[in-house]
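*Asks:* Residue numbers (UniProt numbering), protein chains in the order written: chain A, 1 to 132; chain L, 1 to 672.
Everything labelled a hint here was simulated from the structure, so no lab data went into it.
Warning: the hint list may mix true and false statements.
[As the list claims (entries may be wrong)] Label-pair ranges, simulated between beta-carbon atoms: (1) A:GLN37 x L:TRP331: 44 to 52 angstroms; (2) A:ARG80 x L:PHE392: 39 to 47 angstroms; (3) A:PRO22 x L:GLN344: 57 to 65 angstroms; (4) A:ASN68 x L:ASN632: 18 to 26 angstroms; (5) L:LYS327 x A:ALA90: 49 to 57 angstroms; (6) A:ARG80 x L:LYS137: 58 to 66 angstroms.
[To be verified] A few chain L positions that, by computed beta-carbon distances, are all more than 10 angstroms from chain A: (7) MET73; (8) LYS263; (9) GLN309.
Just so we're clear, the structure is a prediction, and the values are computed from it rather than from any experiment.
A virtual CB, placed ideally from N, CA and C, is assigned to each residue, including glycine.
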Amino acid sequence: MIPLYQPGQRVREVEQVRKEYPDKVPVIIERYAHENQLPPLDRSKFLIPEHVHVGELIKILRRRLQLNSSQSIFLIVNGRNLPANASTFAEIYRNEADPDGFLYIVYASHETFGSSSPQECAMTDYNNRFSN
Amino acid sequence: MAQEKLLFCPNSSQIDSTFWGSFCKLKLDVLGLNEEPLPISGQYGANEIPNINPVISVDHSSFDTAANPYSGMIKVPGLLINTNTAEQFKQLDKNELMVSMGSALLGKLWSEDGLKEITKTPSILGSFYILTFADLKKYKFIYWFAFPAVTAISVERLGPSEPVLEYFKNCTQVKSVFSSSKETLSAGFFIVNKSETGQDVSVKSLESIDEASKSLENVIFGFIDPSSLEEPGWVLRNYLTFIIRKLKLKSGTVITMMAHRPKRASQLEKGYIFRVKVEFEEGFEANPKFVGWERNVKGAFGPRQVDLQMSMNPEKLAESSVDLNLKLMKWRLFPDFNLEAMHQTKCLILGAGTLGCNVARCLMGWGIRNIVFVDNGKVSYSNPARQSLYTFQDCIDGGRNKSQAAAENLKSIFPGMNTSHKQIMIPMPGHPTSEATISEVKKDYETLVQEVQDCDVMFLLLDTRESRWLPTVLGQKYGKIVINAALGFDSYLVMRHGPGSGNPNVSEISKTLGCYFCTDVVAPGDSTRDRTLDQQCTVTRPGVSMIAGALAVEMMAALLHHPEKNCAKASNSEPEACSPLGIIPHSIRGFLSSGQTIMPSFQPFDKCTACSEKIIQEYDSRGFEFVLDVLNEPADYLEKLTGLNLLKDDFDSDGIVELSDSEDDHQSVNAE
Chain A
1 MIPLYQPGQR
11 VREVEQVRKE
21 YPDKVPVIIE
31 RYAHENQLPP
41 LDRSKFLIPE
51 HVHVGELIKI
61 LRRRLQLNSS
71 QSIFLIVNGR
81 NLPANASTFA
91 EIYRNEADPD
101 GFLYIVYASH
111 ETFGSSSPQE
121 CAMTDYNNRF
131 SN
Chain L
1 MAQEKLLFCP
11 NSSQIDSTFW
21 GSFCKLKLDV
31 LGLNEEPLPI
41 SGQYGANEIP
51 NINPVISVDH
61 SSFDTAANPY
71 SGMIKVPGLL
81 INTNTAEQFK
91 QLDKNELMVS
101 MGSALLGKLW
111 SEDGLKEITK
121 TPSILGSFYI
131 LTFADLKKYK
141 FIYWFAFPAV
151 TAISVERLGP
161 SEPVLEYFKN
171 CTQVKSVFSS
181 SKETLSAGFF
191 IVNKSETGQD
201 VSVKSLESID
211 EASKSLENVI
221 FGFIDPSSLE
231 EPGWVLRNYL
241 TFIIRKLKLK
251 SGTVITMMAH
261 RPKRASQLEK
271 GYIFRVKVEF
281 EEGFEANPKF
291 VGWERNVKGA
301 FGPRQVDLQM
311 SMNPEKLAES
321 SVDLNLKLMK
331 WRLFPDFNLE
341 AMHQTKCLIL
351 GAGTLGCNVA
361 RCLMGWGIRN
371 IVFVDNGKVS
381 YSNPARQSLY
391 TFQDCIDGGR
401 NKSQAAAENL
411 KSIFPGMNTS
421 HKQIMIPMPG
431 HPTSEATISE
441 VKKDYETLVQ
451 EVQDCDVMFL
461 LLDTRESRWL
471 PTVLGQKYGK
481 IVINAALGFD
491 SYLVMRHGPG
501 SGNPNVSEIS
511 KTLGCYFCTD
521 VVAPGDSTRD
531 RTLDQQCTVT
541 RPGVSMIAGA
551 LAVEMMAALL
561 HHPEKNCAKA
571 SNSEPEACSP
581 LGIIPHSIRG
591 FLSSGQTIMP
601 SFQPFDKCTA
611 CSEKIIQEYD
621 SRGFEFVLDV
631 LNEPADYLEK
641 LTGLNLLKDD
651 FDSDGIVELS
661 DSEDDHQSVN
671 AE
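One chain only, chain L, in its complex shape (with noise of 0.2 angstroms):
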């Protein structure tokens, strides 16, 4: 009869990230430095793919020691030992924890009391441990898988293995009874009888095997076996050693075993059935030798790493995320997509109200990280209902800052977010400064130059008029991306201002678009006296803010992916558009009420109160002297330095004639 050594297929540890994320949890919130070992419990079955080593994998149930194990497999307990530093994972002796590890088992196979426990719960025979280290600061585990197995006992196969239904062929029943014994044989461990002729065939639970083994020649002793190669899987060898030991035999019996195999298709097909003599050394437990160490990636005896930083830390797992939504967009729809350069981009949100907020959750959706809000203000109870970044926990005990509220809250949604915030009043025409405001005026005044300088885009979403004139001055003179919002009660504007002097790259064509200001012909002043609360505030359709916001943040996009950036020309149709995204209008205006949009462009106006060339020069040379003329002297102090006030504002000197509306009385009326 053919003889050869049967070898065992080592298991192979399969670790869920979840199990990591479980443990993390729990080592943070309860273990704290306590190293003691955790009873842990992992999982194995049948493998349904072909030629795999037998998999013991754990996850997040495995802190769960009562949980049920997943369909079809079975529960093995494991024991986890972490060590607190790394150090300490290098220096634990491993020959030591392996003899330590195996003595735990064979107490139980040397006693009775064991023996019954491992008859009743024969899992114990798979039993593993797991030494760990876990950074979890940077998510980096490094760990170790055993599954301590006696050594002392050779194992020859005899002859052929013989598949399962062949070898039960006399029986006709085989199939019914296996399948009419799922529970027992769902222990993993079990004992078959059959008749002297083969005909009779019944399965039993491994606690009635000392009355089934009286005539080892009928019995055969089975096992799920999760190896789906050849050789049988790794927990055979404690078993094995287990039989020997229950039943006393002696060094060169031969006994029956079968591998079953279940598969969902087919219960028996795969399995198979063998017999083997075991041969070992009375008294081998007074100097037993165990094996079971796990092999790492390189096929060496070592530990395995994992690096979860990227699937675990919360906010490393959020940026990638966000950045993966965007990313998508460049396979087909938008491949020109500059993620790099939208993450680099700075903005100068001015205003943290209804569009400031808006516009800043937009911005975040273009993976814009870089923003700086300028406000003022608190969080009032009125505002959370319409300023997306704000709750009602931001308004108590008087109100948060609103620039501050809104960068952390911002922070709070992505994390990935670089938020900062000023809070600071912009100096603005008509709101004159006194001798005790002056120096904060002056501190305010510096911190607006300074962001605006730092910034690559800034986005005019302030409340008034006046506010606007400020930034406008320093967006032309630092040649700045200046993005403008203002709203009505159900119309909105978005525009870009024209680049200004300050941009080295201006050309003839970009100079032809002008600013907020250059279409009236007064200069800004304070708005907000002798107006009623609904005429100063912004009392607009709700919608109308989203809308703005959107629209203004969707152009700077547009503009960023230009190749000439703040200069690109105004386009209003598809035909002139070069920017991947399409036309870049000036401006866009939206009137709710009559569903109409339109994108008109306009030129910059010579005598601008605040793009204009008289004013830009002005600034230049006097820089904050300037700025306090403009907020101390009378409203038509800009008016006089643009020649505003020299235009004529009456009919006769014009020469304009009224016609009566009537279409046949062509009588000229004049002007009052």
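Okay, chain A solo, but in the shape it has when bound (with noise of 0.2 angstroms):
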């Protein structure tokens, strides 16, 4: 994955954060870059609760990002890993989270297609079935 964020030296940012939210995690969210289906979000850095949910936080993004219930996204957290749903931020940050102490996540539409070509397409509808 190629992440929009600098790379850089955020370590300082961190400690302070840490500090002052024990319990949250520092994430970065961003769109994949090469992204053409969703929206980005307006903002970046966010601290999550280490009780929350990967589960939660796509549905936080769907609703976040306007996504009606056909779009599906998925997330890429350290350029390489998906995250079970199940996990929580806490177990996730500890095994992923970048050595500047941020987690970085990624989020991009879910491949769909497979087949059908445009005329196809159209024709989808159960009560077209019959008809040529």
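Bring the two chains, given one by one in their own frames, into a single complex with the hints.
*Replies:* So, in structure tokens, the structure goes:
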């Protein structure tokens, strides 16, 4: 993944934040650089309570991005892993946080295509099933 | 002077498989049941290989009697006598047949016109016959060659034979005389005249036999000898009869013969000269005897058989060649390759589009033979360019059913494939049924369930998220290998679902693999509503489907060779690999625009709308009724069932703090 964040020393910043919010982990959430279906987030730095589950974050993101129910997204942490929806941010942070103290998350739209062409798409409705 | 009976080396037939190929075609397309003897031609020549019987060979060119012989070969006329049944072949009186074949030759030898004809075309002396029965269905052939020869003459060899060069040692020009007479020699029979002293030698064609033979002392009867054994070849028999008849020789006459055995490297070194005394009873033509049936491999007089099933039945040929290619892998590169397992694995392909076509082709390459296609679309004009199993012909007149076209076209590419097809619509969440459609939906549902139960590997290559739902549930329920491939514009996902509860071998480790729906928190719904054409259709970079299709099949191949099959742990790096084909990741995500490929594995989600225990339990207890509810109830039905709806979705209540992007500003900002 190519994250949009600026690589650099954020250690000092993180130390400060962790002192202020001991039960929250610093996370950077960005849209995948080549994503072309989903909107970007207006902010990218978050402090997320350790008890929050990944699934919950996805739900929050979906609302933030105003996705309708037919749009599907997935998260990639640390540039290479998919977090389990049931795991908490405490676990994810422990395993995947960057040496700079942040947990990096990228979101992208889930692939769904497989086969059809425009003509077919226009007729995938059940009621059209017997027409040509 | 030492005398011994001269023996003749019998001919040995050599049939190239192209001969049978051309004959089958001719019989099917032209001859039909016609049993008229068919004029063909064979060839023989001096043999380069030592200690070999004379060889008469036939091949595809034998049916073109006007064709020129191959370089250095002599063309001989033949007749092919084919019977329409094996019984007829057996019943034919072989002795009678030999008499009639021999008499044809005898007729020529005992008439002035016939003799004249032979001087012009001496290869008539080597005439042959093939008696055949061809089983065109099984590509089995019974055949028997005959090289008829008149027997009444007994031939004694006088003294030892002498090498040609030794015999002509007084003639310094002998080599150049022969090398400048190649055309005359190529007839196979010729006359050599020498002067009394042996200083002058000349080579003449058989047409001047009368003139050249005025003094038998100074004439040598030459022939190209296809035998490379000590004895001369079979052709000499009829040649001697011809000489006796043509020159009206008396019994007891002694003549000199030359067995010409030219080789590429040495024209005259191998040939030899010998003298023979011919003896016979006058008038033997009135009660002629003939010999010439070829012995079979057992050395007995009987027909030979050849089974060309493997080399001529095009379908068998295709099968064995395809397998050969795969078997070569076993030699060194992939000794553990289990081709038999590939042959037996049944693959269910859901979605016969770009992915479906590419996956099917790649499966075929791996030796998979059993494929069922499921699709409900028709082939449209835009398809063949990207969907590699279709052609323009499949599009016209409204288009053929995709699943059927895919199944049939795959078979026409390789007839060894065992394909079938189901033209069904997969029931999908968010696509409600009506009274009118419910029975159809049920039928489609039942067909799908049956196909999933029957398969070993299911490929989810469908076009929408929601269409993958029911197959995912079924794959989980019946514990099948499920390979899921999905495309974005320039990205792809290829993954395997964890083995479901239906799989008795599920271990704790393998339970850690999620399914396609485990990564999101929303139930699948109608994704075609409210979306523009480019949003709801496979608008992807064309190569993406080929990459993803290939990876999907390779993932399956690795999985089938893993000792734990579907329960194989996800492996992302070589040291932990335990399939002979290396790593088997849980999922592969590729991004063409950045050139990145990641292979994340992720755990199942306990609130997953497709593979969680709640869903499988519900399906187990209510079956189709449950599926109907999923189709017809509001979109949050599955979310309520799994508890997804209870997940909080606002920042405040979860205590998430947004930070300003500026490094110095730590002020919290509340969500709106």
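*Asks:* Broken hints, numbered, in rising order?
*Replies:* none
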